[in-house]
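Could you put the whole structure together from the sequences, leaning on the hints where they help?
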Amino acid sequence: MVVAAGLIGSAATASEALTAIENLHNTVAAYAAPGTPLPDARTLTARCGADVVCAAEQVVAAFGGGARLEAVVHPDSDSIRLVTTEPSVGAVRRLSGGHVLIALDRFGRDAAQELRQAISEAGARKLILDLRANGGGSLERMMRLASLFTGPVGEALWIGDGEGRRPMAIPAGLPRLDLTALAVLVGPDTASSAEVLVALLRQHGGATVVGQRTFGKDYLIRAIPVHHDWRLLIPAERIEVPGEVLTGGLVPDYPEASVELP
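Numbering (the numbering used here), first residue to last: 2 to 263.
Hints in this document: simulated from the structure, not taken from any laboratory.
Even for Gly, the Cβ is constructed at its ideal location relative to N, Cα and C.
Check each hint, because a few of them may be wrong.
[As the list claims (entries may be wrong)] Between beta-carbon pairs, the in silico distance windows are:
#: 1; residue 1: 176; residue 2: 65; range: 41 to 49 Å
#: 2; residue 1: 61; residue 2: 229; range: 43 to 51 Å
#: 3; residue 1: 30; residue 2: 254; range: 36 to 44 Å
#: 4; residue 1: 168; residue 2: 30; range: 18 to 26 Å
#: 5; residue 1: 72; residue 2: 249; range: 25 to 33 Å
#: 6; residue 1: 224; residue 2: 87; range: 14 to 22 Å
#: 7; residue 1: 50; residue 2: 87; range: 37 to 45 Å
#: 8; residue 1: 248; residue 2: 17; range: 39 to 47 Å
#: 9; residue 1: 174; residue 2: 92; range: 22 to 30 Å
#: 10; residue 1: 121; residue 2: 55; range: 51 to 59 Å
#: 11; residue 1: 175; residue 2: 92; range: 46 to 54 Å
#: 12; residue 1: 229; residue 2: 249; range: 35 to 43 Å
Written out as structure tokens, the structure reads:
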């Protein structure tokens, strides 16, 4: 009886794993761009049996770049506390001519409020926003921060997938900053939602963009759980900012010869 119970338990586990492979395929297929040569659930099962991690590796290979399998970090309470309290604003420097340079290194939980406070404390009216170390992050937090410079903007960007395109607005909420001049510093490490912020500030905030071409990530990443220790990251919806070209990286208005505003 013990052996029989063990066999029944193994069969149930295998059945659950096969269901997980089917669910994985269906989720990826919902986000993948049209034409992605994604193996169907039957093929994944034939290649991998009930091994869902193997199936995820097959999906990564099908994308041919952009997708990856990532180990899930299981942080302790101290690590969680550090991440949630890590500041978004880095260096603050006063430059000649009344300019103030503020580095925005990430879009943390309170990024918009942190930046507003840093600008207020520095008395900045001529701001240089340094995004050279900002690799992106939450699109929603970025859009909220963008409203500091632009106010609310309807259809500020478009997100497209295999089903069509949908607009996304810069929300109302935080009062707009009182600036007389705005420049944004960018470089090869400026990526993802940080690039979108640059594009929005140039189009709707009157910003001058200075530095080097940005990374060129014009799509959202979807994280799909594989199992407790692994998740699959795939490129999903494309992001468009009318009037800007994100593909291949944003081109600055001026090279980084000087960080001072005109």
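Hint check:
no.	hint	result
1	176 to 65: 41 to 49 Å	holds, 46 Å
2	61 to 229: 43 to 51 Å	violated, 19 Å
3	30 to 254: 36 to 44 Å	holds, 41 Å
4	168 to 30: 18 to 26 Å	holds, 25 Å
5	72 to 249: 25 to 33 Å	holds, 30 Å
6	224 to 87: 14 to 22 Å	holds, 20 Å
7	50 to 87: 37 to 45 Å	holds, 42 Å
8	248 to 17: 39 to 47 Å	holds, 41 Å
9	174 to 92: 22 to 30 Å	holds, 27 Å
10	121 to 55: 51 to 59 Å	holds, 53 Å
11	175 to 92: 46 to 54 Å	violated, 23 Å
12	229 to 249: 35 to 43 Å	holds, 38 Å
Hint compliance for this structure: hints 2 and 11 are not met, and every other hint is.
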